[in-house]
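Going down the list, the sequences are from chains B and Y.
For the first sequence, position 325 (counting from the first letter as 1) is numbered 325 according to my numbering, and the numbering increases by one without interruption.
For the second sequence, position 173 (counting from the first letter as 1) is numbered 173 according to my numbering, and the numbering increases by one without interruption.
Among the hints, erroneous ones may be present.
[To be verified] Distance condition first, Cα-Cα at most 27 Å in a straight line; then the derived DSSO-like pairs of lysine-lysine:
no. : chain 1 : residue 1 : chain 2 : residue 2
1   : Y       : K284      : B       : K170
2   : Y       : K129      : Y       : K304
3   : B       : K132      : Y       : K276
4   : B       : K284      : Y       : K170
5   : B       : K181      : Y       : K321
6   : B       : K170      : B       : K276
7   : Y       : K194      : B       : K170
8   : Y       : K324      : Y       : K129
9   : B       : K293      : Y       : K170
10  : Y       : K170      : Y       : K321
11  : B       : K232      : B       : K199
12  : B       : K132      : B       : K324
13  : Y       : K129      : B       : K321
14  : B       : K170      : Y       : K304
Everything labelled a hint here was simulated from the structure, so no lab data went into it.
Protein chains: 2
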Amino acid sequence: MNIRKDIVLGIDIGGTNTAFGFVDEEGNCIRESALPTNASESADLFFKRLFPAIEKMQTEMNGDYNLVGIGIGAPNANYYHGTVELPPNLNWDTTNVVELVEKRFNVPAVITNDANAAAIGEMKFGAAKGMKDFILITLGTGLGSGIVVGGNLVYGHDGFAGEVGHAIVKPGGRDCGCGRKGCLETYVSATGLKRTVYKLLANRITTSKLQDISYNQLTAKTIYNLAMEGDKIALEAFAQTGELLGKALANAIVYTSPEAIILFGGLALAGDLIVKPTEESLTKNALNIFKGKAKILLSQLSDKNAAVLGSAALIWSELEKNSKAVHPC
Amino acid sequence: MNIRKDIVLGIDIGGTNTAFGFVDEEGNCIRESALPTNASESADLFFKRLFPAIEKMQTEMNGDYNLVGIGIGAPNANYYHGTVELPPNLNWDTTNVVELVEKRFNVPAVITNDANAAAIGEMKFGAAKGMKDFILITLGTGLGSGIVVGGNLVYGHDGFAGEVGHAIVKPGGRDCGCGRKGCLETYVSATGLKRTVYKLLANRITTSKLQDISYNQLTAKTIYNLAMEGDKIALEAFAQTGELLGKALANAIVYTSPEAIILFGGLALAGDLIVKPTEESLTKNALNIFKGKAKILLSQLSDKNAAVLGSAALIWSELEKNSKAVHPC
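Model the full assembly from the supplied sequences, consistent with the hints where possible.
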């Protein structure tokens, strides 16, 4: 008799690409693929492309595996309702993705935003293995976060908890896309780093290759490369970004007293350039009883599969919860 | 046959007084009493006074009740270790209070700080009945907090979570007892209100009865009474305190997205004087997706028994958790 191994499907719906893959309980990605999201397309058309692509992959796996659930990471996803609610970068109406997916594949599905999925991914397969209290920070175009308390992700009463990027760190500071001023993500994110470079170009008289690059051309990767070459403006931009992140984390840890803060996403690839000043600033600015406790760690999810692993971990952790739950008599 | 009703003992160890009482599962306080804490006394001597006082009360109850557990609220209490760790206002060494109490009374005991106990008290018997996600703020000499996520109190990895009073709201602002500057409790607490009155007396040329009172004589109660008489400085002090609290809460709710914020303690007795400006400021300053969601509520624990009810609720909730837990095979 052939015993088929249980696997789940992880789907990460991004503004540009959608990645999906089959993942076992140890975090091995058996098979994965991606397709363009096509932001201008309706949800209906998008899923009409996605579902056959998944089924094709299933067929290629010759029935060696048993699909037991589907985890989905998506922008503006609501865990409680199973919906994606008017995502700002997609031309979708509010869509009940969990319903659509469960109907098509006939297994349990669950959805949350990408930062929450990444947090569960780190807990199950990455830097937060064995931890019950930590905060994951995604440093991309903006700053996303997933907060884990007592081994469970914090969703809040409405499913929207964990918006640490919109904690105001400088009252009256930089304009934020949310309509307010001084939000953490206007300073600490790929975009925040760029804005800091431009502030420094205004304030300093140091010569820098950054003076040859327009705002729209400049990327965090370029700033990183120049910092590694010793460019003073680039180095100071990273130092200021880490210093402010450390101050923000000194405020963040008073809420849930996490064991670690895990940095994930593009800017985290800068490694020590961002980690060192963040650590120093957190130690300097933390309340005494928290000093030296919360570690700053880098994501340990393989970068290629991170988003798919996160979504897969989400459904594995949900299946585990359900199997442990006490059923009412 | 006489069926004895289950009750718990709630103990609240404060800097000045220690209150204790027997409470049933509906939150009725069957009998309660208090004794002076005597801050200069050792823990050993303190418990040598407390235990016989409790036992005397037990005897008076003629065995009509069955003691099933003991909940304790105390400064610098660590839930995980059962200890009170070098409390700043008591002459105690680090003391394992849970061990002492369990040995003497032979029932399960549990300890946490007063704000956490108050949060559980509100959830079981007060303004947070039926809520799973809320934040309790105690406004006394300082600002304490208890955070509830998914129906559970947030203790953090080390037992010290929920220090919202030490979130920095004005970088470089007022000196705080913690050694840093600009912590929320330096503005929002009975002491913070006093400091704001003194700042206003420096800045304004309005005549006020507050100009006749020394800093050491001034109490939050006096400021409240003068505000009710229409004193402009007193009114402005409350307005500024609420405005800053609303801003701080706009930052706090991004972490756990609570259904409500419950105000507890001395300053909460000022009612609308503090609630109205807090509500207005929270609505004005909140991130769009949170606007109008988190309610500002006043504590509903009867003031006299609040601390004892909180400690009693703590142990009731723990006993409930244990009876629901799945035992490993």
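Do the hints match the structure? See the list:
Proposed proximity of K284/Y and K170/B is supported: the alpha carbons are some 17 Å apart, at most 27 Å. Our distance criterion of 27 Å between C-alpha atoms is met by K129/Y and K304/Y, whose separation comes to about 19 Å. Simply put, K132/B and K276/Y have alpha-carbon atoms about 38 Å apart, too far for the 27 Å limit, and the pair is violated. Distance restraint check for K284/B and K170/Y: the Cα-Cα separation of roughly 17 Å lies within the 27 Å cut-off, and the hinted pair is therefore satisfied.
Between K181/B and K321/Y the alpha-carbon distance is near 43 Å, which puts this suggested pair outside the 27 Å criterion. In summary, the hint linking K170/B to K276/B is supported, as the alpha carbons are separated by about 22 Å, within the 27 Å threshold. As the CA atoms of K194/Y and K170/B are separated by approximately 26 Å, the hinted pair is consistent with the 27 Å bound. The straight-line distance between the Cα atoms of K324/Y and K129/Y is roughly 19 Å, inside the 27 Å bound, and the hint therefore holds.
At most 27 Å may separate the alpha-carbon atoms for a hinted pair to count; K293/B and K170/Y meet this at roughly 24 Å. For a cut-off of 27 Å, the pair hint linking K170/Y to K321/Y is broken: about 40 Å separates their Cα positions. Taken as a hint, the K232/B and K199/B pair is honoured in the structure, with Cα atoms around 14 Å apart against an allowance of 27 Å. This hinted pair checks out: K132/B and K324/B have alpha carbons roughly 17 Å apart, not beyond 27 Å.
Of the supplied pair hints, the one linking K129/Y and K321/B holds, its CA atoms being roughly 25 Å apart against a limit of 27 Å. Taking the CA atoms of K170/B and K304/Y, the gap is about 41 Å. The hint is violated against a cut of 27 Å.
In the structure shown, a violation is registered for the earlier hints numbered 3, 5, 10, 14, in ascending order.
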